[in-house]
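Asker: Listed in order, the protein sequences are those of chains A and B.
Per numbering that gives the first Met the number 0: the first sequence = residues 0 to 406.
Per numbering that gives the first Met the number 0: the second sequence = residues 0 to 437.
To be clear, the hints were calculated from the coordinates, so they are not data collected in a lab.
Heads up, some of the hints might be wrong.
Distance windows between CB atoms, simulated [claimed, not checked]:
{"no.": "1", "chain 1": "B", "residue 1": "S344", "chain 2": "A", "residue 2": "N297", "range": "39 to 49 Å"}
{"no.": "2", "chain 1": "A", "residue 1": "G15", "chain 2": "B", "residue 2": "G318", "range": "44 to 54 Å"}
{"no.": "3", "chain 1": "A", "residue 1": "G292", "chain 2": "B", "residue 2": "S314", "range": "34 to 44 Å"}
{"no.": "4", "chain 1": "A", "residue 1": "A7", "chain 2": "B", "residue 2": "R302", "range": "51 to 61 Å"}
{"no.": "5", "chain 1": "B", "residue 1": "S314", "chain 2": "A", "residue 2": "G264", "range": "33 to 43 Å"}
{"no.": "6", "chain 1": "A", "residue 1": "G264", "chain 2": "B", "residue 2": "I332", "range": "53 to 63 Å"}
A short, non-exhaustive set of chain B residues, derived as facing chain A with CB atoms under 8 Å [unchecked claim]:
{"no.": "7", "residue": "L207"}
{"no.": "8", "residue": "L237"}
{"no.": "9", "residue": "L238"}
{"no.": "10", "residue": "E242"}
{"no.": "11", "residue": "R246"}
{"no.": "12", "residue": "E326"}
{"no.": "13", "residue": "P331"}
{"no.": "14", "residue": "A378"}
{"no.": "15", "residue": "D380"}
{"no.": "16", "residue": "R384"}
{"no.": "17", "residue": "R387"}
{"no.": "18", "residue": "A417"}
Built from N, CA and C at the ideal position, the CB exists for glycine as well.
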Amino acid sequence: MAALSLSAVEERVRRGEDLSRFDLRNLNLAGAKLAGAKLARAELDGANLSGANLTGADLRGASLREAFAPRASFGRALLAKADLDGARFARASLERADLQLANLNGANLEEANLEEATLRHAQLVAANLTGARLTGANLSRADLDSACLAAAVAARADLRAANLRGAQLDGAELSAAQLEESVLERAFARGAKLEQASLRGALLADADFRETILEGADLRNARCAGIRLDRSRVLGAHVHGLDFGASWPSELPVDMCDLSRNADGSDLRRLADLGAVPGGAALEIARRYVGPGDVIRNAELVIGERAEILVDGRLEQCVIQMTDAAILVIGETGLLEGCRVSGGRLQIRGQFVAPGLVGLHSPVELRVAKTGVVATELEQHLRATRFGFESGCRLRLQIKTTTTPSE
Amino acid sequence: MGLLTKIFGGGDGSAPDTERAKEGGVNGAAHARPALPAERKSGPVPRAYEPAPKSHPAAAVEHPRQHGNPGAGIDPLRRRAPLIGAPSTLTMQEFPVQAGRPSSMTLPLGFSLDGAARADAAQSARPEPRPSEPPELLPPRLESDIVALDPSAPRAPSSDAPAALAEPEPVRMEAAQPAAPEPLDDSSGAETERPLELLVDLAQRLALGPVSDEWLTAGTAAAHALKLAACGGWQPHLLASFESLERLLAEGARIRALPLLWRLSDSVPEWPAPARSLRDSSRARERRIANELLASVDGLRLRGRQLFAAEKTLSHLVGSTPELLAEELDTPIERAQELARRVASYEAERRARPIDIGHETALREAVIELDRRQRQFDASDESARAARQERRDALLRVNLVLAERGDLALLDELEPMAVAERVERLSVLIGLGVGERA
């Protein structure tokens with residue numbers, strides 16, 4: 000297929016022609032007016048698109064490897080599954096663009112406007128997003144390994160389950176961003192603003208969070224072994240279940256944090272007190288976590304002394320043996336179905352459903368929050384089980400006394 | 000080879016370009032036809048400061064992106080001749096225009112920089128021997144030498160003949176050269192055969208910072224050669240300057256030598272015009288180098304980088320501590336340390352550069368390395384992160400060499416291109432064959 004000139008491409012676009020699968024590689028399209036162009040699966044590798052207008056263009060599955068497009072306009076463009084490896088989009092406008100599953104590895108998106116853009120499952124390994132505007136962008140499950148988001152503005156961005164391992168987030172604005180279950184291992188987030196952000200269940204091992212603002216952030220169940228928190232601000236942060244692993248940070252902030260599991264501000268303490276409360280991950284407590292979406296079936300789990308298992312996922316037909324000091328916490332999204340639990344202390348905010356069988360055998364303690372649902376039979380502990388039922392919880396519980404062999 | 004051939008270099012006796020001579024050769028002098036980039040396999044890399052004429056044949060060379068892609072639209076690279084593809088010797092057509100000097104005043108020894116003899120100028124401008132001067136240091140009489148060395152060569156046209164009608168066949172440069180002085184030592188070797196070219200290059204390098212002892216030694220030898228030439232009547236008023244320069248370079252006094260080189264760049268008529276105004280051109284090169292180094296570290300804000308490069312000198316960047324860089328660039332100390340490490344690495348490499356006039360070898364090696372890294376990147380599987388970084392480093396090296404050379408327009412030209420395309424483009428420009436790259 001013969002390559003086209005800039006004017007020919009513009010003319011075809013103006014006439015509304017379909018340029019899908021066209022070969023436009025290495026073409027100089029600087030400043031081209033290509034708004035609304037139909038370029039699905041077109042080849043634009045190495046093309047010069049600097050200052051071009053591709054607003055609303057259909058570039059789904061197109062190849063733009065190493066394309067040069069600084070200051071180009073891709074607002075509302077469809078770039079799903081496009082290959083933008085090594086592309087240069089500095090100061091480009093990609094507002095509300097659809098970049099789902101796009102390959103942006105090594106791309107330069109310096110100071111690009113990606114507000115409200117969709118980048119779900121996008122590959123952004125080693126991409127340069129310095130100073131990029133990502134407010135309201137959807138980056139859930141995106142791979143941002145070693146990416147640079149220094150000074151990026153990503154307030155309210157959705158980064159759930161995103162991979163930010165080794166990413167640079169220093170000075171980034173991440174207020175109210177959703178980072179649940181994201182991986183921030185070895186991330187460099189010095190001076191980042193994360194107030195009201197949700198980092199629940201995130202992996203923050205060996206991350207550098209010095210001088211970060213984490214006020215009001217949700218850090219529940221975050222795994223933070225080796226994290227650095229020097230001079231960070233954590234006032235009002237929700238830190239129930241925060242796990243510092245074997246080595247606590249040398250310098251901990253002294254702000255008052257919320258240690259309550261419900262994140263309702265009912266248990267305000269300093270971060271240093273985290274190890275002294277049941278909800279906190281003390282040094283000697285071994286914790287296991289079943290995250291949302293995780294499913295364990297037909298397993299036999301043994302939870303040792305002072306261990307704790309947090310379930311936000313789903314356990315089916317499992318047998319769980321616990322010591323009296325061990326803790327089983329079923330989170331709001333957690334579900335135990337057809338399981339048999341022996342011993343331990345149970346806190347149920349989610350659902351425990353095992354009708355018609357003895358699902359709970361001799362627990363030391365059973366506490367059901369207002370969101371909790373329990374439908375099973377319970378055999379009490381030898382020294383009588385302690386119960387706590389919060390108003391609003393739903394119970395279909397048959398409580399029995401313990402049947403000892405001697406009886 | 001005569002002394003002034005060694006001074007000006009480039010007297011390779013290449014075939015003349017008849018058409019160009021007819022188009023307006025100065026005083027009937029013919030001009031050496033610049034080699035087409037595609038024709039050049041391993042010839043010397045033309046200097047960055049040599050402008051290509053509008054009718055430069057290189058402008059007509061088909062760009063690789065046109066291959067197999069006919070009618071591929073407007074190729075910006077075809078609109079202009081490549082800087083790097085220009086000939087290695089200035090022509091009389093270009094020189095006076097850029098230098099703003101009449102040619103007869105700048106070339107008193109009767110030849111143009113492309114090697115063509117100018118009998119009228121030589122005869123009129125040839126200095127009379129001073130009583131103290133040994134006669135062998137003076138330039139020879141032009142006509143007799145031409146006849147003696149190349150009897151078959153046609154005579155130079157008479158001074159009243161129209162330039163367009165002049166005989167295009169040039170006289171070989173050697174014919175008009177006095178004997179070269181002995182080099183100061185063996186280490187400077189072949190480089191002293193082109194002392195002015197070496198001095199121009201050294202001046203450009205010194206303006207960016209300290210250079211290796213090897214360069215200083217060669218510069219000293221070049222200054223010595225030019226001093227002897229001045230003794231022999233070539234620009235005698237610059238004798239003291241060359242003497243001082245020789246002394247300062249021998250002492251390694253870079254800072255004190257620089258003003259002298261700035262003066263010489265404006266005073267020596269044969270100093271290539273684009274390489275004059277050394278102070279200004281050096282500042283532009285510094286800015287570009289600083290920009291390239293700053294951009295090599297992700298996370299530095301664009302505005303901050305631009306301001307830093309515009310306001311600070313390269314020596315400031317080289318001499319800054321990570322703490323100072325962190326403060327000036329408003330970045331965490333960790334990133335500033337990374338930047339400082341890169342800058343130090345570059346500076347050490349630059350200072351250790353061997354004598355390589357025009358960065359020919361350095362550019363060739365950098366392009367070969369970039370090509371190799373590009374191939375590795377293309378061949379790498381999903382774990383291409385390391386290969387990507389290595390390719391980026393190789394690209395930085397190429398850009399730095401080009402910036403040092405002063406090929407700033409070429410850098411701008413290359414910027415929109417993909418890496419593979421850059422390699423192709425540079426390979427054509429420097430005459431690098433596919434076999435060599437492989």
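Asker: Each hint: holds or not?
Answerer: A quick look at each hint next to the structure:
Between S344/B and N297/A the C-beta distance comes to about 57 Å, which lies outside the given range of 39 to 49 Å. G15/A and G318/B have their C-beta atoms about 59 Å apart, which leaves the hinted 44 to 54 Å range violated. Judged by the Cβ atoms, the range 34 to 44 Å given for G292/A and S314/B is violated: they are separated by roughly 56 Å. Take A7/A and R302/B: their Cβ atoms lie about 37 Å apart, and the range 51 to 61 Å is violated.
Between S314/B and G264/A, the C-beta spacing of about 56 Å breaks the proposed range 33 to 43 Å. In this structure, G264/A and I332/B break the distance hint of 53 to 63 Å, their C-beta atoms being roughly 36 Å apart. Below 8 Å, beta-carbon pairs count as interface contacts, and L207/B has none with chain A, the closest being about 27 Å; its hint is therefore violated. Checking L237/B against chain A: minimum C-beta separation of about 47 Å lies over 8 Å; hint violated.
Proximity of L238/B to chain A is violated relative to the hint, the smallest CB-CB distance being about 52 Å (cut-off 8 Å). With its C-beta approaching chain A no nearer than about 51 Å, E242/B sits outside the 8 Å limit, and its interface hint is violated. At about 49 Å, the closest approach between the beta carbon of R246/B and any beta carbon in chain A exceeds 8 Å, and the interface hint on this residue is violated. Because the closest C-beta pair between E326/B and chain A is about 14 Å apart, greater than 8 Å, the hint is violated.
The criterion of a C-beta within 8 Å of any C-beta in chain A is met by P331/B, whose closest approach is roughly 5 Å, and the hint holds. The beta carbon of A378/B is not positioned within 8 Å of any beta carbon in chain A (closest approach about 15 Å), and the interface hint is therefore violated. A least Cβ separation of about 13 Å between D380/B and chain A goes past the 8 Å threshold, and the interface hint is therefore violated. Taking 8 Å as the C-beta cut-off, the interface hint given for R384/B holds, the closest approach to chain A being about 6 Å.
Taking 8 Å as the C-beta cut-off, the interface hint given for R387/B holds, the closest approach to chain A being about 5 Å. At its closest, the beta carbon of A417/B sits 4 Å from a beta carbon of chain A; the interface hint therefore holds under the 8 Å criterion.
Checked against the numbered hints above, the structure violates hints 1, 2, 3, 4, 5, 6, 7, 8, 9, 10, 11, 12, 14, 15; every other hint is satisfied.
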